[in-house]
Amino acid sequence: FEYACFSPRVDYDLRVTVNSVRVFAKRLQCKGQLELGRQYLIMGKDGSTKDLTGNMQYLLESNTWVEKKPLDTDCKKSANIRTCNEFNEFIDEYKTDGCRQ
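Here the sequence shown stands for residues 1 to 101, where the numbers follow UniProt numbering.
Source of the hints: derived by calculation from the structure; they are not laboratory data.
If you anchor each label on the Cβ, the simulated ranges turn out as follows: (1) Cys75 with Asp97: 22 to 28 Å; (2) Ala79 with Leu36: 24 to 30 Å; (3) Leu52 with Lys77: 38 to 44 Å.
Every residue gets a Cβ at the ideal spot worked out from N, C-alpha and C, and that includes glycine.
Please put together the full structure from these sequences, using the hints given.
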């Protein structure tokens with residue numbers, strides 16, 4: 001496994017902070033697009049290439065999990081409250097505890 005949680009020899013992107021910007025690429029045959037200005041939870045293999053400033057770049061592939069962060073307006077709707085709360089709790093826990101095995 002080459003996932004950050006499983007491999008002690010992963011090149012962690014330690015410069016990533018809240019609201020930082022990173023480059024994501026996808027193969028031409030992959031469907032869907034990331035929307036500019038939206039926030040996403042993206043989980044999968046760590047990036048293996050760096051840009052000219054030394055920041056990691058990431059390839060989105062078939063085993064990458066991409067979840068769009070719900071908008072605040074959507075989270076106010078009763079049908080979405082539980083899902084939004086669970087999403088936000090997961091993000092908060094992951095920020096605090098990282099990947100636990």
